[in-house]
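Numbering (my numbering), first residue to last: 41 to 710.
Read the hints as simulated data drawn from the structure, not as lab findings. Idealized CB from N, CA, C, for every residue including glycine. Please note that the accuracy of each hint is not assured.
[To be verified] DSS-like mimics (lysine-lysine), calculated; alpha carbons at most 25 Å apart, straight line:
hint: 1; residue 1: 409; residue 2: 448
hint: 2; residue 1: 618; residue 2: 530
hint: 3; residue 1: 447; residue 2: 402
hint: 4; residue 1: 402; residue 2: 222
hint: 5; residue 1: 231; residue 2: 242
hint: 6; residue 1: 246; residue 2: 231
hint: 7; residue 1: 447; residue 2: 461
hint: 8; residue 1: 406; residue 2: 273
hint: 9; residue 1: 665; residue 2: 496
hint: 10; residue 1: 644; residue 2: 478
hint: 11; residue 1: 461; residue 2: 409
hint: 12; residue 1: 402; residue 2: 231
hint: 13; residue 1: 448; residue 2: 406
hint: 14; residue 1: 273; residue 2: 312
hint: 15; residue 1: 161; residue 2: 135
hint: 16; residue 1: 402; residue 2: 461
hint: 17; residue 1: 461; residue 2: 521
hint: 18; residue 1: 273; residue 2: 222
hint: 19; residue 1: 159; residue 2: 135
hint: 20; residue 1: 245; residue 2: 312
hint: 21; residue 1: 161; residue 2: 89
hint: 22; residue 1: 402; residue 2: 273
hint: 23; residue 1: 521; residue 2: 402
hint: 24; residue 1: 242; residue 2: 222
hint: 25; residue 1: 222; residue 2: 409
[Claimed, not checked] Derived Cβ-Cβ restraints for the label pairs, each shown as a range:
hint: 26; residue 1: 385; residue 2: 585; range: 27 to 33 Å
hint: 27; residue 1: 530; residue 2: 242; range: 51 to 57 Å
hint: 28; residue 1: 164; residue 2: 136; range: 26 to 32 Å
hint: 29; residue 1: 111; residue 2: 176; range: 23 to 29 Å
hint: 30; residue 1: 662; residue 2: 469; range: 28 to 34 Å
hint: 31; residue 1: 94; residue 2: 176; range: 33 to 39 Å
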Amino acid sequence: MADENNNNGGRKSNKSGEMRMPPRTWLLWLFILSLIPLLVFFKDRTETKFEVLDHRQFLDLVSSNRIADATINYNPQSPLRLITGRYLETAGESKRLVPFRLETRLSEDLEQKLLDTGKFKPVEPPTMLINLLYGILPFLLLAGIVYFFLIRQIRMAGKGALSFGKSKARMLNKERNRTTFKDVAGIEEAKEEVYELVEFLKDPKKFQKLGGRIPKGILMVGPPGTGKTLLAKAIAGEADASFYSISGSDFVEMFVGVGASRVRDMFEQARKSTPCLVFIDEIDAVGRSRGQGLGGGNDEREQTLNALLVEMDGFDTQEGIIIIAATNRPDVLDPALLRPGRFDRQITVNLPDVRGREAILKVHAKNVKLSPEADLSVIARGTPGFSGAELANLLNEAALLAARLNKKAITLTELEEARDKVRWGRERRSLAMTEEQKKFTAWHEAGHALVNVMLKHTHPLHKVTIIPRGQALGATMYLPKEDILNRGRKEMLDLIAVMMAGRIAEEIISGDISTGAANDIQQATQMARAMVCSFGMSDKVGMVQYGEDNEYIFLGRDMVRGKDYSESTAQEIDAEIKRIIDGSYATAREAILNNRDKLEIIAKALLEYETLEGAQVEEIIRTGKLTPPPPPPLTGPPTGAQAATTLPEVPKPLPPKLPPGLAAPAPAPV
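Generate the whole structure from the sequences, applying the supplied hints.
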């Protein structure tokens, strides 16, 4: 039992960080030890066996001239001479050279005669230093091997076991980081605010003479992909001060107390090089509100947050360290972290407007080869709601598409196809659809397109297609003329009517309905619920907000929270949502019934050409017929947009990203 406990204890101590040699070190030692008997074996096999002669035999060989070659070794500490060499032995007709050796006294005359024959060569004795070196060299070699493979491994193991609490903050080198404010576009207000930090670090007296002080902390808040981390890199590239970068997840470790230790070590490193900047990316990994877990208690993450709070503004706080943090979840951060004195300023990095998108496209276009007729302002107007990362991805997709078609430059066609691919997904022409499925899809999308053109408060129709794209079997793309900052009630009611039109068209023409309207129903319900509960657009319920933003659920705080309104109010909300959807449904049904002939023309045109432009649908509704589009050019393989588009594509903006609880109205899948 004692042996078992000892063995178990040894295994546990190894897992808890005890110093131990890696298995490869033991294998290397085993290999070295296995070489010793091999060396002894080969030494015995290769060692030359000498015939020991006496003085008389040696003189007989010399007198008979049978010595082939020999050496005379001098030993200053002895009067004897060590002679080694080979002599010729004859046995019948065979002859062979036999190695010999002897140790004898030679007179000066005899020694001189031997050297005069030319067969004997003198060998000077080694010096005392060489003898000493030969004596200690094996021990030095053995000691070096032991140090390299044993002591060094132990020290490295100890270093690894004791370095968990060291900060993982990396100091950015100006030579490696070449990002400046010239590489940041579309967020001019945020650039101006953070540029104050750079000016303060370069000339602090400019601010101090008026009694002002630089903020201790700046929190950058914004949706993903808007350029928060890029802005921090630009600050590092512009500032002459030291710049440390670390991620919020770098503080998290499996061992207790490591996160708080790393926070203290990070600030200790920063104090050695003040003034300096410390950038913490994704700070919500360590800055979440305390005491909100389902289990409660004092967990490791709270210890890390407490250490961060004390270091940022505690009793022993020193000036000269500026904290810059970035997050897209400011709602979950602890209130003590957001107060002035810790994060004095919050900078909102919003999605870019049309001018910002054009500036971002120009920055990223420096790395690609654009055609002279490729107008980036057209793409900027057609991409509302795109973040900087999505715009960079758009240009990259366009470059890949142009390279796949062996083009020398990126044209507007590739840019628009890349825009549709980034927003709605890639065309899936290989999807096998039956004729019946194509008809249902054509009727569905024709209904969306017809009602979108007929109603007054909708966005301009961009294109309608029955080519599968992404997860949708078809799509009706309608784009706003300009960036949308808010929405009107009439506009939202008409958008819901457009969503309902696909199901209505299926039912009127075929007498049956399909599951293709599932996403339409979901989007319409979300929009109607937002109108009632968030936007106060219901006369019966009134201008009261019911419920809170539940886009993100914070574990422990939101899951245990119940409704803040009564059951009767919930029934009224449900009734109002149904009333709004039913009203829009009736509006769409009336528009389709009054223009059924035009609906069938649009559906037949979709079955024939697969894709119709917004101008073509408007022509059908206005004149009742469609002018056949020109045939596509035969030069080169068609792109996705060329194959699906029958008229030159008219660039129009894409629908923006809606606030939480309000889904985008396009595309309308089947």
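Self-check item: Proposed proximity, residue 409 with residue 461 (alpha carbon, max 25 Å)
Solution: 20 Å, holds
Quiz item: CA of residue 242 to CA of residue 222, is that 25 Å or under?
Solution: Since the Cα atoms of residue 242 and residue 222 sit roughly 18 Å apart, the hinted pair holds (cutoff 25 Å).
Quiz item: Does the structure keep residue 406 and residue 273 at a Cα separation of 25 Å or less?
Solution: Holds - the C-alpha atoms of residue 273 and residue 406 are around 19 Å apart, at most 25 Å.
Quiz item: Can the restraint linking residue 159 and residue 135 be considered satisfied, given a maximum Cα separation of 25 Å?
Solution: This hinted pair holds, its Cα atoms lying about 19 Å apart.
Exercise. For the pair we were handed, residue 246 and residue 231, check the Cα-Cα distance against 25 Å.
Key: At roughly 19 Å apart (the allowed maximum being 25 Å), residue 231 and residue 246 satisfy the hint.
Practice problem: Given the hint that residue 402 pairs with residue 273, test it: the Cα-Cα distance must not exceed 25 Å. | Solution: Given pair residue 402, residue 273 holds - Cα atoms ~19 Å apart, limit 25 Å.
Practice problem: Could you grab the alpha-carbon distance between residue 461 and residue 521 and see if it respects the 25 Å cut-off? | Solution: 20 Å, holds
Practice problem: For residue 94 and residue 176, compare the CB-CB distance with the range 33 to 39 Å and indicate the outcome. | Solution: Once the Cβ atoms are compared, 36 Å apart, the range 33 to 39 Å for residue 176 and residue 94 holds.
Quiz item: Is the Cα-Cα distance between residue 402 and residue 461 25 Å or less?
Solution: 20 Å, holds
Quiz prompt | Hint consistency between residue 402 and residue 222 [alpha-carbon to alpha-carbon, up to 25 Å] | solution = Holds. Residue 402 to residue 222 sits at ~11 Å (cutoff 25 Å).
Exercise. Decide if the proposed pair is consistent with the structure: residue 447 and residue 461, CA atoms, cutoff 25 Å inclusive.
Key: 19 Å, holds
Quiz item: CA of residue 245 to CA of residue 312, is that 25 Å or under?
Solution: Roughly 22 Å separates the two Cα atoms, so the pair holds.
In summary, this structure violates none of the numbered hints.
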